[in-house]
Each structure stands twice: as structure tokens, then as C-alpha cells.
Amino acid sequence: MPTYKYKREDGTTFEVRQSINDDALEECPETGQKVKRVISGGGGVVYKGDGFYVTDYKNKENGSKGSSNGSAQSAKASSESSENN
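Under my numbering, the sequence shown has 219 at position 28, and the numbering climbs by one with no breaks.
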């Protein structure tokens, strides 16, 4: 369920977890003030950890990401493993 941010008349904000199908709140459930839904940039997606896929361009020799040889090495490793199976 998404979390929506609302701004009260006095400028303070609060968050409410609501279904996507629910109507936007018109007043604060705590104070009774009129509110407006604030459009936010969202949380985005953050990937953490050391799991990489063939398409992640990880250079297996020195463990760094983003090298130009990483994609060629990954593609070569992928084709070699499919030939061996």
C-alpha cells in the first residue's frame, strides 16, 4: 500500500498509508484542518549487495563495475557456459 504525504493549512506535513483506489483526504484526521496531497519524487529503487548479473558489466578480474571490458568478458563467459551445457 502506498504512503501519501499531505500538507495542512498551517504548513506542517504528515503521511498516510492508503490504497491507490482511496480518495485523497480533504481534512487532517488529527486536527481537522484542510489538507492537500503533496506530490513527491518517490523513493526510487536502491539495490544493495554484491549480486551481479551478466548484464551488470562487472569486471571479474579486479571487482570494479563499469569497465569497458566487463561487458565483453561477461558475454564471453555467458557464451562459454552455454556451450559447456
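Just so you know, the hints here were simulated from the structure itself, not pulled from any lab data.
Here the structure is a predicted model, which means the values were calculated and not measured.
Do not rely on the hints blindly, as some may be mistaken.
27 Å max Cα-Cα, derived DSS-like pairs, lysine-lysine [unchecked claim]:
#1 Lys225 to Lys196
#2 Lys225 to Lys198
#3 Lys227 to Lys198
#4 Lys196 to Lys227
Numbers of the earlier hints that this structure fails to satisfy, in rising order: As far as the earlier hints go, not one is violated by this structure.
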